[in-house]
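With these hints in hand, go ahead and build the complete structure from the sequences.
Protein chains in written order, with the working numbering: chain Z, 3 to 477; chain A, 8 to 1034.
Bear in mind the hints are in silico, worked out from the structure with no lab data behind them. Keep in mind the model is a prediction, meaning the values are calculated, not measured. A hint or two may mislead.
[Stated by the list, open to error] Quick partial rundown of chain Z residues pointing at chain A, CB under 7 Å, derived from the structure:
1) Asn72
2) Asn73
3) Ser159
4) Tyr399
5) Ser403
6) Asp405
Backbone N, C-alpha and C define an ideal beta-carbon position, used for all residues, glycine too.
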Amino acid sequence: MSKYQYVPEPALVKGDHDFSSLTRLVTDINLRPTPKAWYLCMIAANGLLFVMVAAIGYLIWEGTGIWGLNNPVGWGWAIINFVWWVGIGHAGTLISAILFLFRQDWRTAINRFAEAMTIFAVMCAGVFPAIHVGRIWVIYWVFPVPNSMAMWPNFNSPLLWDVFAVSTYFTVSLLFWYVGLVPDLATIRDRATDKIRKVVYGIFSLGWTGSNRHWWNYEKAYMILAGLATPLVLSVHTIVSFDFAVSMIPGWHTTIFPPYFVAGAIFSGFAMVLTLMIVARKIYGMKEIMTDDHMEKMNIVILVTGSMVGFAYMMEFFIAWYSGVEYEKAIFMLRATGPYAWAYWAMMTCNVLSPQFFWSKKLRRSVGFTFFISIVVNIGMWFERFVITVTSLANDYLPSSWDYYSPTIWDVLTYVGTFGLFFTMFLLFLRFLPMVALAEVKAVIPLADPHNYDEETKEFEAPKVEVPKPQAEKV
Amino acid sequence: MNDLESTDRQMSEEVKETTYWKSLNELANNKEYQKFAEREFPENATELSDGVSRRGFLRVMGASVALAGLAACRRPVQKILPYSKQPEDVVPGVPLYYATAMPVQGNLVGLIAENHEGRPTKLEGNDMHPASRGGTSIFNQAAILGLYDPDRSQSPLKNGDKASKADFEAFAQSHFANTGQRIAFISEANSSPTYNNIKEQALSKFNNATWVTYEPFGEDNVVEGNRIAFGGRLRTHYNFENADVVVSLNDDFMSSTHPNSVEYAKQVSSRRKVTDTDGEMNRIYSVEDSFSLTGSYADHRLRLKASQMEAFTYALAAALSTRINGLSAFSGYSNEFSDHKWITVLADELAANAGRSALSAGSQHKPEVHAAVAAINNALGNTGSTVHYLEVPHLDEQSSTEAFADVVSEMKAGNIDTVVMVGVNPVFNAPADLDFENALSNVETVVNLSDYVDETSLKSTWHVNRAHFLEAWGDGYSFGGARSVIQPQIRPLHEGLSEIEFLKTIVTGSIESGYDLVRDTFRGYYRSGFDNRWTNILHDGIDTTGNFNDVNVRLSSGFSSAMNRATSNISSTSGMEVVIRPDATLYDGRYANLGWLQELPDPMTKVTWDNVALMSPATAEKLGIEEAGAGQDDYDVVEITVNGKSINIVAWIQPGHVDDAITLTTGYGREGIGRVASSYIDYTAGGVDVYPLRGTDNMLYASASVSKTGDTYEIACVQDHHSLEGRDMYRQASISEYQENPDFASFATVHTYEVPGMKEAEEMGEDDGPISLFDEQTYPDHEPQWGMAIDLNSCFGCGVCVIACQSENNIPVIGKKEVKRGREMHWIRNDRYYVGDDADSPQAVHQPVPCMHCELAPCEQVCPVAATTHSDDGMNQMTYNRCIGTRYCANNCPYKVRRFNFFNYPKEYLTTGDDPDIIQMAMNPEVTVRFRGVMEKCTYCAQRVNRAKIEAKNETGSPKPADGAVKTACQQACPADAIYFGDLTDDNSEVAKMKRNERNFQMLEELNTRPRTSYMAKLTNPNPALA
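So this is what it looks like as structure tokens:
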């Protein structure tokens, strides 16, 4: 016995799965006839989507005045929802890119899922900056399009950085997601029996044959995109935070915003992945792929990022006092004790207190409790954006201008409506695309790594691999 | 000699003939058109009931469409057709300016009207007119909206049915042929000599006629008080410029509700212009029940119930009688106030400043109070220096209040055949106990001339639509006695009659031109050289001759006994009392349909679109009234009962209000007079009519019982937070502190350290402010650099800057609902803060806040599309066409001066009603009307600046206008001259001098936004004895 005992990682996929059983488990969902329940869900989601479209239609017809905005508070629910959705959209790319680079194999069970969620969340987020402007018909002026006015956008404006950051993030996330999908689409294509599926999946699998060359290209592309996506995970929310941090409103103008926003985004994104995963794995019987171990790992991330966010809250308070700037001091006192104290304490409870339960291993592994906390966290994160956006504007420099902001029914409907967009897209995803990165999961089951240790003695034995000499390539 | 006259007449005829027409038919004076215009419904509309055929229906439709087209067409000729012969001096696009004058309660304020191709668009003060001296009140500014108010009465009405001017003429001819009938003329106060000549003619023609003047808030008691004191019915006219000490006993003489507010505000504030530490200031004391503008401007303020003011006045007179001669009537007298600290202080102060002090009392206080005040002023030797007593020819011999009551009782008794009412609305605003409406029903024929189809018009046999003062010739005197001619700016939009034309029609039976009537009057004044003098009067807007006589007064023999009676018979109330005052923005209700005034926040409460019951915090606590919480617009309603009559009205906590008293304001609660004053879509003007609580025996105050009803009501208030929170946007010091430490307002003094980044900037060799992250704009040398300084020591918060700006810059009225949602559009606002530790009696300070035009503007940095940028002359400009409406600029503005068009406000404002073209004529053609979804804000009146720059460049080759050539609308209107604007590159410009003054400070200087608008710290002049 050596001094150090090798403790193998717990198996990432539970149960006695081999390649073909995994294939069936995942792709049967896409190949089976559509279940009735799916249609019911789709109708509900489409109903909400219609609410969003109607609310936006009325907004464009009538003007931003239908929202509860007023003179000091020029940004309300629209911007809150934008930041909230973008924040949620952080988990996917973090899981697939950063955890990929860190060789966290457990990510394989949830990355497809999380990336899909990311893309849809960013779509929901993207709705808001576009519609919240007063004159939506000239929104294209924010893009640097050559024009007869000889006007460029103002490159000093964080809103413009936002346009670039979010659109880049969306593009890269989409590409990354799609590249990862290619081998799995090919799997479905190969299993499909009807013509339409064969053709459609065939087109989207880009002629994948599983050849060595394909795999080589795939791995490289995936690696490069992961490398590209990684800084974006950090940059998007950093730049979103600049919308606030670069301006000069007390409570906004702070340097802590970028890391604090990124931590908060990961926090909320993981919570959202958990919410969706707990439901989906139950319905689709994927508990063996998306195991309680996954849930626990994600809960640890939530605990860590939640504590970071809590630390940031306290640091903001400390710096407000330490800076001696009276407006900063006042806004933080007002947040905790002023007219919006209810929102502040809702935020504190949901974001700082609730994740602390995850110090307990038992609670970390409790499905019901995790589901509950994952929702609480996202409520808390919504309130965080509310507190940041609204309270700072409502009580800034001149007390004469202070006013109170309350949303109207149209604010609420637009927000609720974006869930329609999100779930419509998500249901389509669940129905037509493999929700688990099949090829990657297959690579992390023991079957993919057959000779690393002796099954009988359980002793580790380094595999002896003979590296073939490189051969000159024939041209 | 007669050439000029005839040309004049010819020109006026020409103007009359060509300015306005509705359609080609009307121009052709087509008979069919006349019939068509006079019919309420188009031909066949009434025939529809007998069997609807499709053809008949189509005919109706066609006619209605044609009618709609005709009704909407009221464009000036100049706009439709090019001038076939261009009139001399008219350059399209270049406005002309004419002198005119606005009568308010018969007192003229000289104005200059800006006229764009025959269409007046803006009124400004006339520098040469003593009652204006360039300043205006909110009512003067809003008059332009009154002219174009589409709800003004548009035709005569006979028993409520539409009639024509000719019909009225025919009626007048026949009805008033009977000269023996018993006629009562009820007129508003009118100083017009022409009008008063016709009045004499009327009274001599109709031998059974009586004439009374009725004003709900007239100066009758002052005049009567002067009669008691001096034996003659005289007007008190102050000259506060000579007063070192001003004591106001419940007299809000600076607020626009005072008939001579502009002149008084000029005078009082002129004595507070301190340019260096050697400067001296007057000292103002205010004793009042409710917080008034004068009270907020005063150095010392005492809360006292209105009912106690009389006793207080006599106690002051008694205290003074031991110090100066001439008040023997009060010697030995004492009452509960005799030991009051203020009595001693005021008596000492007045005695020490004899001849250089002024004591005034609120016009609604009893005549005896005014008699005592007059006697005190006279004993102090103030007569002739700070106080003048004027012989006003048009004042009635009898007290108007009594005369009016007598006439009403005659009417009730059925002793009156015909009532002719000129400009008055007694059904709405007469004292409730007279029951005027009932009295009117006993009169056979009621003829009424009014601007709107108001409460009285509805009860009249004949209503005649009145011509606006900008539509008709007129004349009159200012409060101080300066004579002017009112020049019309446009032909009557609705063919209305002016009051002189109306009265003349009644006397002679035929309509005569007001122009001729006024000219005849003035011809009577000038035996020779009439034409030249007439031209001069029109040009200058002032006649330098014919002022009121300044009377040298002596105490009358009956004064002592009158005072003895008064002092032994002091009326006062115990317990809760209610005081009724004219509203700060709607006055007695005559301005109720002007959206600008409805939406102008009350200067003290900042409430819009409603009147409220003001009470002190202690009284509110007693009644169980609580302030609405954050975000709540629902306020408690109280029931107020006076003499068995009660109203329900919202309670409002007014710090500084006297305890156990409630102040109500008039003018609200109108029904049916117009779409603004009445409920109409989003323009839900609220408020309560408080006149039912007012009786002849309690015109000012009455005891009342008040209770909370438990109901709530929504109020649109534009300022929710009243404390400065210890912040330093507003800086002030006493004048002695200023003399000791002239730099008291500088950032370093206030914060005890330099502005952050200043030292670093100096190290880097920069001298224009702290270091900046952003590239600083470089301004070309040949351009002027605009800047503004606002002297907080002059501003008293009247809000005329807001209305002037609204008029100049086409700012929409958005309605109560939108104001309630916090979306007010005013480009300049007046912040009011309460200062001081005493919550019951705080100091109130006013701070106008327009755009600061920051050199390092935070708004510019964050706009994603560069819609707001800097101009070469240093203005922060808003490009509406480029704005996409992210509102980021407004968020990032630390001064919160940017305003967003959440809806298409101008559309609602300018296109509702049957005749939207009329209201559109009020718009300034030089300023874009902003569309929905764009940001807007103060431009420093860029249109005025650019016009002056172009003129300067044409004349001198340099685009730098001479100092004073550009005045922003707010600056021009300000009666206190609180706003300075000009070129900062000119070292000798007024604004540059102000900016070099020690009192100059920048709001939020530490943010390094480098505002071009700065403030001059306020100074107070407290009496050490009261410290």
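Here is what the structure says about each hint:
1. Contact between Asn72(Z) and chain A, as hinted, is supported at the beta carbon level, the nearest pair being about 3 Å apart and thus within 7 Å.
2. For Asn73(Z), the shortest C-beta to C-beta distance to chain A is roughly 5 Å, which falls under 7 Å, so the interface hint holds.
3. About 4 Å separates the beta-carbon of Ser159(Z) from the nearest beta-carbon of chain A, less than 7 Å, and the hint is met.
4. Interface restraint check: Tyr399(Z) against chain A, minimum CB-CB distance 4 Å, threshold 7 Å, status holds.
5. Annotation: Ser403(Z) was flagged as interfacial toward chain A, and the flag holds, the nearest CB pair being 4 Å apart, inside 7 Å.
6. Hint status for Asp405(Z): holds, given a least beta-carbon distance of 4 Å to chain A, under 7 Å.
Violated hints for the displayed structure: none, as all numbered hints are satisfied.
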